[in-house]
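Here the protein sequences come in this chain order: A and B. Numbering (my numbering) for the first sequence: 1 to 385. Numbering (my numbering) for the second sequence: 1 to 385.
What the hints contain is simulated information worked out from the structure, not anything from laboratory work. It is possible that part of the hints are untrue.
[Stated by the list, open to error] Which chain B residues stay away from chain A? Per the calculated CB distances, all over 10 angstroms, these:
| hint | residue |
| --- | --- |
| 1 | Pro-17 |
| 2 | Ala-75 |
| 3 | Phe-82 |
| 4 | Ser-90 |
| 5 | Ser-275 |
| 6 | Val-364 |
| 7 | Tyr-368 |
[Stated by the list, open to error] Which residues of chain B face chain A? A partial, calculated answer using Cβ under 8 angstroms:
| hint | residue |
| --- | --- |
| 8 | Glu-121 |
| 9 | Phe-274 |
| 10 | Arg-277 |
| 11 | Gln-278 |
| 12 | Pro-324 |
| 13 | His-365 |
| 14 | Val-372 |
[Said to hold, decoys possible] One side of the interface only, derived from the structure: several residues of chain B facing chain A at Cβ under 10 angstroms:
| hint | residue |
| --- | --- |
| 15 | Arg-78 |
| 16 | Thr-98 |
| 17 | Gly-321 |
| 18 | Ala-367 |
The model shown is predicted, which means the values in this text are computed figures rather than measured ones. Glycine included, every Cβ here is placed at the ideal spot set by N, Cα and C.
Chain residues, written in single-letter form:
There are 2 protein chains.
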Amino acid sequence: MTATVITGIGELVTNAPGGRDLLGTVEDAALVIEGSTVAWTGPAAEAPPADEQVDAGGRAVLPGFVDSHSHLVFAGDRSAEFAARMAGTSYAAGGIRTTVAATRAATDEQLTSQVGRLVQEMRRQGTTTVEIKSGYGLTVHDEARSLAVARQFTEETTFLGAHVVPDGTTPEEYVALVTGPMLEACAPHARWVDAFCERGAFDADQARAVLVAGAAAGLRGRLHANQLGPGPGVRLAAELGLGAVDHCTYLTDDDVAALSDAGTIATLLPGVEFSTRQPYPDARRLIDAGVRVAIASDCNPGSCFTSSLPLCIALAVREMGMTPAEAVHAATYGGAQALDRDDVGALTVGKRADLLLLDAPSHVHLAYRPGVPLVRGVWVAGRPV
Amino acid sequence: MTATVITGIGELVTNAPGGRDLLGTVEDAALVIEGSTVAWTGPAAEAPPADEQVDAGGRAVLPGFVDSHSHLVFAGDRSAEFAARMAGTSYAAGGIRTTVAATRAATDEQLTSQVGRLVQEMRRQGTTTVEIKSGYGLTVHDEARSLAVARQFTEETTFLGAHVVPDGTTPEEYVALVTGPMLEACAPHARWVDAFCERGAFDADQARAVLVAGAAAGLRGRLHANQLGPGPGVRLAAELGLGAVDHCTYLTDDDVAALSDAGTIATLLPGVEFSTRQPYPDARRLIDAGVRVAIASDCNPGSCFTSSLPLCIALAVREMGMTPAEAVHAATYGGAQALDRDDVGALTVGKRADLLLLDAPSHVHLAYRPGVPLVRGVWVAGRPV
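Chain A extracted, bound-state conformation (with noise of 0.2 angstroms):
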């Protein structure tokens, strides 16, 4: 098994647990790739030898981005629908029906070039762990090859199809179909079940109906929750022992009390904020209540069509309060654990090796320096892509 020392790293982010700070920081630091997993970190004066030798020139270097939260599977474009949003006027086009109609409309293999260009987008910005969701298809056909096309490029795949009810059927009827033979078709593709529980959506009593037929098909649960307005759906995650909840917006001191007790995490969706001139999220406020959080994109053609966690790590620290190395801990460390991954998220030995050069000397120039593509190079499992 070849064996790559990188050396000349001016900051080694391994979010090691008990480390001197929260990233667990190593200075002048080396790092040792053996086959796909990290083998040895430490000071760069004390590396092992290796087959090969990379110089990070002084550069950071950070665990590669985990991206719990994402919708790339869909057709169309919504861009006209987001300046007019930006402009303040009314939009006549549907939102998500309009994407529904599209992707619905797609082929295949749209659907996974689309995906995999996106992903590739991703990619090159440091994301090196992304979770991908259906729920533009809201057919059993269409939620099942959604997913299956997501399955081809991660994991990380949720079952969405609780996301809008759509036309032409009741609510009703409509969860009838989600926990029945919709998600005996789309069980086999996915890893995760997850519903938008929000006025306009699935109330409690539905999304808690769609977890539970989940949970029979061997599914994890996920929730949008508390995005739009206050509602049950932060407590019913944290009632079900959810291991994350999603974008959690407006909180009563009981939501966040209950995140806190049950230990699920909160995750942060700042670009959705940012794209639809929305209050964001007060992390400060979780961070201070003892609530674990994560950052992730939302990457999807109509709130939020960002795919930059380095964008989004800088939002935290410039609207949510957050500091940066909290806010780099979230989108890496974080998504890990909201995805309950033990393997990616930190760079400690044993951890499979996906990690990003930063063309900065330390994590704080993500959000220092907002919008400059910094990534320079993406390991994943211990090869550069």
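On the provided structure of chain A, position chain B as indicated by the hints.
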């Protein structure tokens, strides 16, 4: 002279005045480059033959960005100061003075390497013309060598000796130096003269003295004004008939009227407000009052270390009430006007062929897809770079 035709342009932004829209867009377009200039634009079906052909694959082509405000000649790192500011904690280091000390201590080679790296970084993000200021030297020698370094990369160099009053001198003594020996040493390397007219920096009389002396030495004037609070700078700029005045965050109705009446361009720098958590300037108010607007980066190590005009465009739409078209126009045509340049900022016949290929079908995606590195290719004076 070799002619190259770019075909398959999904949307060509020409900025032709009097076009069907603000950006003078042409759909399904082609553009012909002869030598260093644009020789033809129009519908692809009507494109003349050329020696070489490039297929844009349905992507958008825009004029290269014109960044009319940057401070790239510096040394040192202020990321810790940034992190402290974001955390709301005090920071002992001395702001601009930290950079001045590091810049004075740097060799010419170090400064040149730093500017070259940042200009290259800007170019990868689509900036094809950049203005660069001095202002971290504050001695005759260090200001002159800062400008000599900048001049290696651009003709748009600006003498900003009047950036801040350095330690160990009085404002009166320093203005005498700036308008005397420092100006004499700097004028040969500069096209512009600038002053920071703000409480704590230079008052209106001092700024006027700097601009008047600069004009006598053949330099055109520009001004930093009304960034941190209301003040006389914007009205001074209008009174002196300057082409542009930069920041314009705190404006009275009289300030806005003065800009409109004088035809002075307001250069807005939203990366600063993003990076300092200050309120954004109100571009909508300016545009509605008939003021011409430019957007620039203000790339500098203290208040805004972004080099990304795509991010500034996204911020202008999210935070300043501009449409995507207005923001793109301001970062291209507006920047060119702010530099009194009629050879760049547009893609009409005879203009310099500075252009960028966007990995997206339209300019709207610069705001719709914030943070995503969408610039796929850049041409400067007709050549891919």
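Now for the hints, and whether the structure bears them out:
no. : hint    : in the structure
1   : Pro-17  : 22 angstroms, holds
2   : Ala-75  : 14 angstroms, holds
3   : Phe-82  : 5 angstroms, violated
4   : Ser-90  : 15 angstroms, holds
5   : Ser-275 : 7 angstroms, violated
6   : Val-364 : 4 angstroms, violated
7   : Tyr-368 : 5 angstroms, violated
8   : Glu-121 : 7 angstroms, holds
9   : Phe-274 : 6 angstroms, holds
10  : Arg-277 : 7 angstroms, holds
11  : Gln-278 : 11 angstroms, violated
12  : Pro-324 : 6 angstroms, holds
13  : His-365 : 6 angstroms, holds
14  : Val-372 : 5 angstroms, holds
15  : Arg-78  : 8 angstroms, holds
16  : Thr-98  : 14 angstroms, violated
17  : Gly-321 : 9 angstroms, holds
18  : Ala-367 : 7 angstroms, holds
Going through the hint list in order, the structure does not satisfy hints 3, 5, 6, 7, 11 and 16.
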